[in-house]
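Chain by chain, the residues run as shown.
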Amino acid sequence: MLRLNRCLSIVALALLLSACATSAPPSDARHPDDPWEPFNRNVHSFNETADRAVLRPVARGYQAVTPGPVRTGIRNFFTNLRSPVVMLNLLLQGRPGESLEQFERFFVNTLYGLGGVFDLASRGDLPRHEADLGTTFGNWGWEESRYLVLPFFGPSTVRDGLGFYGDTFINPVWELAREEGSYGLLGLNIIQIRANLLPLDAQIEDAFDSYLFLRDAYLQRRQFLIQGEESGLPDYDAFLDDDFDDWDD
Amino acid sequence: MRALLLILGLAWTLPALADTSDPVELIRQTTGEMFALIDANRSEYEADPALLETELRDRLLPRLDTVYSARLVLGRHGRGLEREQVEAFAEALAELLMSRYATGLLEFRSRDQVEILPLAGDNTERSTRVRTRIRLDSGNRAPVDYVLRKTGDEWRVFDVIIEGISYVATFRTQIGEEIRRDGFERMLARLEAGEIDVDIES
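In order, the protein sequence lines correspond to chains V and P.
So in our numbering, spot 59 of the first sequence is number 59, and the numbers just go up one at a time.
So in our numbering, spot 79 of the second sequence is number 79, and the numbers just go up one at a time.
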């Protein structure tokens, strides 16, 4: 607990220090889902700093020393361990068929794929599904939620942050850390997730405003995951400025 | 993440001399033409991507409603701009996309990777959404949707939505922020110089 407290106070300090560096628009001009933009921007720059200092170099090191097939195996292993989370949430979202498919995947890969290291199910044409507690809440009607950048974990919303926390109780990787105090597996998981995201770094850094880039991509993507194939189009009419009307063809 | 590039490559693999009166046909024919083009000249294009860019520009540009996209991206920031300025912006935006797609397109090996779905959902006489699915090497199917509008009796594409992420919406926030901070002219200059890279990821 002590360690966690210290961690939190470092975060608080960093947020305080970066408080003057914000460039958020005035409150009436903000994105409707991002009323906390100044706070979020501070956490975002804190995350960027922490990432550059620690996580990214570690992830690069991991990528440099592990052969590709080993990394794939490790990634499969963690993806497989998340299956119970996916299965449960698919059930909660009223998709028993897909939940069953996910169970078959979990069963096949765990038993015959050396605990998930080999993704045999995908070769056998068993589709992988994606679901988490955040999308379950969305499915139940909590479709819009305030954008919230979490320290260390990055883009989220109030809904997805709660969901993320809830999911950790079903994910053995987190349970192990919580119950046994052994953080090795969790640490490796975080490093391998970060390593998978390395190819995106250049894009994010090239974006004019990395904060907005991540926010928009995140919110649209989550919206899509919740609404599925039927997700609506952006409100193009609202995008157009009235003054343009006399332009039309 | 190669998958992403692949998708980007295909995203604007659009209409050329296609039948412009039916949006689904338009997407189908253009996708086919693009693959035929790549299949026939792959080695030249790989050696000189600029060649492919020119080819893409000639074929795709007429089927894109770049000015409409630009107006959507600019929104209220376009207020008070001359038409020429908006057109210059539209062109710079299209340039940026073309060079990106040329790179991505070469990554595709087979046209079987693309599936074009029949129309469904909320379509009107004036605007419609054509859904396609791209089969990735991982076995997953990535949704790529094209949004078209009809002007006169021609359908043209003005937005692409990859895995639920809209180009127009994403550009809009980024460009809007840049204009708010630096003004339209500086933004345009930077865009034309290739200093702004607005990307979307999945």
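Treat the hints as calculated values from the structure; they're not laboratory data.
Check before you lean on any hint, since a few could be wrong.
Some chain V residues judged to face chain P by a derived CB distance under 7 Å, without partners named [what the hints assert, rightly or not]: (1) Leu150; (2) Phe152; (3) Asp216; (4) Pro234; (5) Asp235.
Listing some non-contacts, in silico: residues in chain V with all C-beta distances to chain P over 12 Å [stated by the list, open to error]: (6) Pro57; (7) Thr66; (8) Tyr236.
Over 10 Å on every C-beta distance to chain P, these chain V residues come out as not near it, computed from the model [said to hold, decoys possible]: (9) Asp51; (10) Gln63; (11) Leu91; (12) Leu100; (13) Leu176; (14) Gly181; (15) Leu186; (16) Ile193; (17) Leu212; (18) Ala217; (19) Leu225; (20) Asp241.
Only a predicted model underlies this, so the values are computations on that prediction, with no experimental measurement involved.
Think of the CB as a built atom: it goes at the ideal place given N, C-alpha and C, for glycine as much as any other residue.
Now for the hints, and whether the structure bears them out:
The interface hint given for Leu150(V) is broken, as the beta carbon of that residue sits about 19 Å from the closest beta carbon of chain P, more than 7 Å. Taking 7 Å as the C-beta cut-off, the interface hint given for Phe152(V) is violated, the closest approach to chain P being about 20 Å. Interface restraint check for Asp216(V): the shortest CB-CB distance to chain P comes to about 5 Å, inside 7 Å, so the restraint holds. Contact between Pro234(V) and chain P, as hinted, is supported at the beta carbon level, the nearest pair being about 5 Å apart and thus within 7 Å.
A distance limit of 7 Å between C-beta atoms decides the matter here; for Asp235(V) the minimum to chain P is near 9 Å, and the interface restraint is violated. Every C-beta of chain P lies more than 12 Å from that of Pro57(V), the closest at about 19 Å, which supports listing it as non-interface. Every CB of chain P is more than 12 Å from the CB of Thr66(V) (nearest about 17 Å), matching its label as outside the interface. For Tyr236(V), the requirement that its beta carbon stay farther than 12 Å from each beta carbon of chain P is not met, with the minimum near 6 Å.
Listed as a non-interface residue, Asp51(V) keeps its Cβ farther than 10 Å from every Cβ of chain P; the least gap is roughly 16 Å. The non-interface label for Gln63(V) is consistent with chain P: the shortest C-beta to C-beta separation is roughly 13 Å, beyond 10 Å. Once the 10 Å rule is applied to beta carbons, Leu91(V) is consistent with being away from chain P; the minimum gap is 22 Å. Every Cβ of chain P is farther than 10 Å from the Cβ of Leu100(V); the closest lies at roughly 19 Å, confirming the non-interface assignment.
The claim that Leu176(V) lies off the interface holds: its Cβ sits roughly 28 Å from the closest Cβ of chain P, which is beyond the 10 Å cut-off. No beta-carbon of chain P comes within 10 Å of the beta-carbon of Gly181(V); the shortest separation is about 35 Å. With a minimum CB-CB distance of about 24 Å to chain P, Leu186(V) clears the 10 Å threshold, and the non-interface call stands. Even its closest Cβ contact with chain P, about 13 Å, leaves Ile193(V) beyond 10 Å, as expected for a residue assigned away from the interface.
Listed as outside the interface, Leu212(V) is inconsistent with that label: its C-beta sits roughly 5 Å from the nearest C-beta of chain P, within the 10 Å cut-off. Against the 10 Å criterion, Ala217(V) falls within the reach of chain P, whose nearest CB is about 6 Å from its own CB. The Cβ of Leu225(V) does not lie farther than 10 Å from every Cβ of chain P; its closest approach is about 7 Å, which violates its non-interface assignment. A Cβ of chain P approaches the Cβ of Asp241(V) within 10 Å, the least distance being about 5 Å, so the stated non-interface status is violated.
In summary, the structure is inconsistent with hints 1, 2, 5, 8, 17, 18, 19, 20 from the numbered list given earlier, while agreeing with the others.
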